[in-house]
Amino acid sequence: MALSARQLKVGETHAEQVVDNLTRTQIVQYAGASGDYNPIHTDEVYTTQVAGYPSVFAHGMLTMGMTGKMLTNYVGDGRLTKFGVRFTKQVWPGDSLTAKATVEAIREEGGAHFVDLNLVTVNQKGEEVLSGYASARVDP
Amino acid sequence: MAIDKFPIEAGHILLFARAIGDDNRVYEDADYARRTEPGSIIAPPTFVQASAQFDPEYRLRPKIGEPWFGSGKEPSGVQAGSGGGTGLHAEQHYEYHRHPRPGDVLTATVKPGNTWEKQGRRSGKLIFSETITEYRNQHGELLVTARGVGVRTERPVEQS
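Protein chains in written order, with full-length UniProt numbering: chain A, 1 to 140; chain B, 1 to 160.
A couple of the hints might just be wrong.
Claimed, not checked - Which chain A residues stay away from chain B? Per the calculated CB distances, all over 10 Å, these:
| # | residue |
| --- | --- |
| 1 | 14 |
| 2 | 33 |
| 3 | 45 |
To be verified - Keeping only pairs whose Cα atoms sit at most 25 Å apart, straight-line, the calculated BS3-like set for lysine-lysine is:
| # | chain 1 | residue 1 | chain 2 | residue 2 |
| --- | --- | --- | --- | --- |
| 4 | A | 82 | B | 125 |
| 5 | A | 100 | A | 89 |
| 6 | A | 82 | A | 100 |
| 7 | B | 73 | A | 89 |
| 8 | B | 125 | A | 89 |
| 9 | A | 9 | A | 125 |
| 10 | A | 125 | A | 82 |
| 11 | A | 100 | A | 125 |
Unchecked claim - Stretch by stretch, here's where chain A covers chain B in the computed footprint (C-beta under 8 Å, at least three residues):
| # | segment |
| --- | --- |
| 12 | 36 to 46 |
| 13 | 94 to 105 |
| 14 | 127 to 137 |
| 15 | 149 to 159 |
Quick caveat, the hints were computed from the structure, so don't treat them as lab data. Virtual Cβ for every residue (Gly too), placed ideally from N, Cα, C.
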């Protein structure tokens with residue numbers, strides 16, 4: 001299931017819907033698993049009345065984690081060498097997200113082969129919520 | 001800020017994988033994982049973020065006997081601050097030297113990086129600050145290098 005440098009082409013893409021109709025409960029699950037209990041993610045009363053947002057919203061790291069699921073499905077388990085993102089828009093309950101990787105380069109370094117990917121995750125309106133990059137070790 | 005002991009545990013990895021909606025068996029089934037290339041359960045790429053669970057000083061976890069800023073009887077358990085701004089996560093970057101697996105016991109050392117300011121269109125003045133975290137296992141092996149950028153907004157981000 002690992003990618004092969006010989007078969008990859010620059011510009012090739014892999015996309016997955018990583019969540020359909022994000023629930024507040026999944027955000028709560030992420031708070032519990034990650035240990036980030038910031039009430040702006042789980043406490044509607046605090047978030048609307050004190051923080052001044054229309055509702056709770058997802059942890060950026062939940063969006064990154066879901067984007068990472070698309071990545072590891074694409075490049076294989078344990079193959080990632082780099083993964084970095086910018087959070088460009090908030091993600092709200094009810095959002096559906098699609099994460100996409102585009103091959104930027106295929107390179108050889110010290111006898112090993114790598115693929116460099118450009119990443120973008122968009123919501124159901126096509127708005128970008130995350131942009132980033134990743135590199136992974138691939139087969140020759 | 002530092003974390004002395006972040007034990008990588010299979011049960012914690014399973015809960016984390018569920019939370020990100022990832023049903024890859026390499027995160028939950030040791031027998032299956034043994035037959036994969038990594039050879040064991042491994043942590044998902046963003047798992048080291050859960051080191052917050054083991055940070056005794058972590059501000060975003062209620063502490064026993066201390067007031068919490070989330071709602072209870074009142075919308076917030078502490079006096080409102082002056083601003084109305086919020087701390088948000090702006091960027092996160094990871095470099096993987098080896099993916100952590102159950103049995104690794106990590107330490108995290110955190111170094112502050114750069115800070116900078118920017119005028120935001122939708123949230124007033126933005127103050128960015130960077131931290132660099134190195135995760136090493138009990139044998140001193142560097143597994144993951146993380147660079148995070150946080151941003152403090154002057155006021156809530158306006159919704160378009």
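_Proximity test - 8 Å, beta-carbon atoms, the segment 127 to 137 of chain B to chain A, at least three hits_ = Since three or more residues must qualify, the claim that chain A covers the segment 127 to 137 of chain B is violated, with 0 doing so at under 8 Å.
*Assess, step by step, whether the Cα of residue 125/B is no farther than 25 Å from the Cα of residue 89/A, and give holds or violated.*
Measuring from Cα to Cα gives roughly 17 Å; hence the hint holds.
_Can you confirm whether the C-alpha distance between residue 9/A and residue 125/A stays at or below 25 Å?_
29 Å, violated
*asked:* Cut-off 8 Å, C-beta pairs, minimum 3 residues; does the coverage of the segment 94 to 105 of chain B by chain A stand?
replied: holds (count 4)
*asked:* Between the alpha carbons of residue 100/A and residue 89/A, is the straight-line distance 25 Å or under?
replied: Given that 25 Å is the threshold and the Cα spacing comes to 16 Å, the pair holds.
*Holds or violated: are the alpha carbons of residue 125/A and residue 82/A at most 25 Å from each other?*
Violated - the C-alpha atoms of residue 82/A and residue 125/A are around 28 Å apart, more than 25 Å.
*Starting from residue 73/B, check that the Cα of residue 89/A is at most 25 Å away, please.*
32 Å, violated
*Is it true that the CA of residue 100/A sits at most 25 Å from the CA of residue 125/A?*
15 Å, holds
*Below or equal to 25 Å on CA atoms is what counts here, so check residue 82/A against residue 100/A.*
Judged against 25 Å, a Cα distance of about 16 Å means the pair holds.
*Counting residues of the segment 36 to 46 of chain B whose CB is closer than 8 Å to a CB in chain A, do you get three or more?*
holds (count 7)
*Since residue 33/A was said not to touch the interface, does its Cβ keep a gap of more than 10 Å from each Cβ of chain B?*
Non-interface label fails for residue 33/A: nearest chain B Cβ at 4 Å, not farther than 10 Å.
*Would you say residue 14/A is clear of chain B, with no C-beta pair closer than or equal to 10 Å?*
15 Å, holds
Comparing the model with each earlier hint shows violations of hints 2, 3, 4, 7, 9, 10 and 14; every other hint is respected.
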